[in-house]
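Top to bottom, those sequences are chains G and A.
For the first sequence, position 183 matches number 183 in this note's numbering, and the numbering has no gaps at all.
For the second sequence, position 66 matches number 66 in this note's numbering, and the numbering has no gaps at all.
These are computed hints drawn from the structure, not numbers from a lab.
Worth double-checking, as some hints may not be accurate.
As the list claims (entries may be wrong) - Cβ pair distances, simulated, as ranges:
| id | chain 1 | residue 1 | chain 2 | residue 2 | range |
| --- | --- | --- | --- | --- | --- |
| 1 | A | Pro197 | G | Ala142 | 27 to 37 Å |
| 2 | A | Ala136 | G | Ala132 | 30 to 40 Å |
| 3 | A | Leu6 | G | His137 | 22 to 32 Å |
| 4 | A | Arg189 | G | Pro312 | 43 to 53 Å |
| 5 | G | Asp229 | A | Thr166 | 45 to 55 Å |
| 6 | G | Val193 | A | Leu6 | 31 to 41 Å |
| 7 | G | Ala145 | A | Pro197 | 45 to 55 Å |
Said to hold, decoys possible - Stretches of chain A that chain G covers, calculated by requiring three or more beta carbons in the stretch to come under 8 Å of a beta carbon on chain G:
| id | stretch |
| --- | --- |
| 8 | 12 to 18 |
| 9 | 162 to 172 |
| 10 | 233 to 245 |
Said to hold, decoys possible - Chain A is nowhere near these chain G residues, computed Cβ spacing over 10 Å in every case:
| id | residue |
| --- | --- |
| 11 | Leu68 |
| 12 | Ala98 |
| 13 | Pro113 |
| 14 | Asp192 |
| 15 | Asp220 |
C-beta atoms are modelled at their ideal positions from N, C-alpha and C, and glycine is treated no differently.
Each chain is listed here by its residues.
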Amino acid sequence: MNGAPLLEVAALQKRFPIGGGGLLARRAPGLLHAVEDVSFTLRAGETLGLVGESGCGKSTLARLLARLLDPSGGSIRLRGEEIGGVAAQRFGASPRRADIQMVFQDAEGSINPRHTAFEAIARPLRRLRGLAGPALHGKVTATAALCGLPAELLPRFPHQLSGGQKARVGIARAVATEPALLVLDEPTSALDVSVQVLILDLLKALQARTGAACIFVSHDLNVVRLLCDRVLVMYLGRVVEEGPAEDLFTAPAHPYTRALVGAVSVPGRPRAAERVRLAGEPRSPIDPDPNACRFHGRCPIGQDRCARAAPPVHALPGGRRVACHFPLTDGALAAA
Amino acid sequence: MSAASLAHARHVLSGNPVTALAFGLFALLVGTAILGPALVPFDPIAAAGPALQPPSARHPFGTDAIGRDVFSRVIAATRLDLGMAFAAVAIVFACGTLTGAAAGFFGGWTDRIIGRLADTIMAFPLFVLAMGIVAALGNTVTNIVIATAVVNFPLYVRIARTEASTRRGAGYVEAARLSGYGEAHILFREILPNLLPIMMVQVSLTLGYAILNCAGLSFIGLGVRPPAPEWGIMVAEGASAIISGEWWIALFPGLALMIAVFTFNLLGDGLRDIVDPRRRT
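Please model the complete structure; the sequences and the hints are all you need to start from.
Given below as structure tokens:
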């Protein structure tokens, strides 16, 4: 499995039409550019963090990769096989469906209130693996145990489970079919800090055991640093920086990444020194100017050129990439 | 789940005597509909004594213009009135819930077509529309049932549509897609079971209206034909006699109608308390 990447994403794009539509629409509807020109590769067993502020397209990207949404352009290849072209509605019948599973942010809402924990975990196995009877029962119980759910909780309904237990049901359901790619959309953001730690430990242990590649969407940079090998930083639908987690957090090359990293509180570190405050709101993602950096206007080091040309992607040593006219290489960082 | 639901129902009933009363009255109505015609003291469509007798020990509700026992007729009419209302509500519950849920879940053209159909029905004064349907299709009990179902259709569509559209993006719907289930399966197995409690409340609230609608159509001479005992017809027959002082012919069927509607409305309120998830702990 080493060598060939598990997942190759190239120029992935998602645009949502907004407004207009309907029978009597006179003008073409605007397009919300949710995900624009995203490319990356992922190896088996690797964990990729996806960070960025609310509305930057992380969740849309996660749903595209989980094949719950159809991309407007670009390609998604799983083990070399193009899966981006299969309509999401027909992907359910694809043999690849079991290979990509997802854990949702809202564990409560992701379990049908009329299903027991057992039923929630059993559904993908029944449909995608064709299990039934004792084989199904055995697999569900084993998966639940792996996720720290004792068998006596399985006949319970969601409203009879705690938040952490519901999160475990969601994770058990996603790993039950032993997917090659697991997409985690902020799986811990709704949980208490003490429970978060337990769930993160569980995810780490599961990944070590199953060897699944993970895409981990999160607001929490500390969690991403702890869990992820590599990180994609997104801003308004575009990837602004990509690199190994440790390098990216210690020496951010994009001004946006630097602002994000500076906003994280680290015990014992005086924060004022490195902190960059961003003024204002992000630009509108609707029909954005293709000839401008999307960060322009909020960027602390932005210049006239940023308003006239989209930034090129620079490759930095160590497999890093940054999309900026004026990347903060080490010299720039020291000077700043 | 069902044990917990029963315990919850018992808890609500014990804290809410009005709902318990509604359930009691409902049981009485259904019992009367089933057993009534077999238990009445007189034949409801044959003369049982002198005409226009006021209420007495022998005829507790008096007798009508051709000497039939009003008490026997009121009791015997329960089966027909409840039967028509139940049939109409069963039809509209099945059709309205299914189409409304499909409209809300699929959206797009499905939603537009079903939505316009419901809006078109809503554009008519509903009772006039029901009259028109019975007049056009023919003067039978079946057509009263169909007309009552049609006029209730928009209400069911709207409620089912709203509830389904709030659930179409729910996490468990996406989880079902991840599990490889198709859209029709998701509609029937994930969405509809979650709509049923809400729609059941609607059923008992509209049963009262359905009884009024059926009786109203009979009152103006559509549908049920005399001499069949039916509350609407009996009120119509007795209305002219009120002026000459024979109030009992119209009053007692009218009271029966009122109690039935009152029961179903109370029952709907009580059911809403039982199924309302916000009250569940």
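*Mind checking the hinted window 22 to 32 Å against the Cβ distance between leucine 6 of chain A and histidine 137 of chain G?*
holds, 27 Å
*For the stretch 162 to 172 of chain A, do three or more residues have a beta carbon lying closer than 8 Å to a beta carbon of chain G?*
holds (count 3)
*asked:* Between the beta carbons of proline 197 of chain A and alanine 142 of chain G, is the distance compatible with 27 to 37 Å?
replied: Since proline 197 of chain A and alanine 142 of chain G have Cβ atoms about 34 Å apart, the given range 27 to 37 Å holds.
_Verdict for alanine 145 of chain G, proline 197 of chain A (Cβ pair) under range 45 to 55 Å_ = violated, 33 Å
*Cβ-Cβ distance between alanine 136 of chain A and alanine 132 of chain G: within 30 to 40 Å?*
violated, 52 Å
*Mind verifying the non-interface call on aspartate 192 of chain G? Its CB should be farther than 10 Å from each CB in chain A.*
The claim stands: aspartate 192 of chain G keeps its Cβ more than 10 Å from every Cβ of chain A (closest is about 20 Å).
*Given the range 43 to 53 Å, decide if the beta-carbon distance of arginine 189 of chain A to proline 312 of chain G lies inside it.*
holds, 50 Å
*Is the nearest CB of chain A more than 10 Å from the CB of alanine 98 of chain G?*
violated, 7 Å
*Does the Cβ-Cβ separation between valine 193 of chain G and leucine 6 of chain A fall within 31 to 41 Å?*
holds, 39 Å
*Claimed clearance of chain A by leucine 68 of chain G, with the beta carbon kept past 10 Å*: The claim breaks: leucine 68 of chain G does not keep its Cβ more than 10 Å from every Cβ of chain A (closest is about 6 Å).
_threonine 166 of chain A and aspartate 229 of chain G - C-beta distance against the hinted 45 to 55 Å_ = violated, 39 Å
*With d taken as the least Cβ-Cβ distance between aspartate 220 of chain G and chain A, does d exceed 10 Å?*
holds, 20 Å
Going down the numbered hints, you'll see the structure goes against 2, 5, 7, 8, 10, 11, 12, 13, while the others check out.
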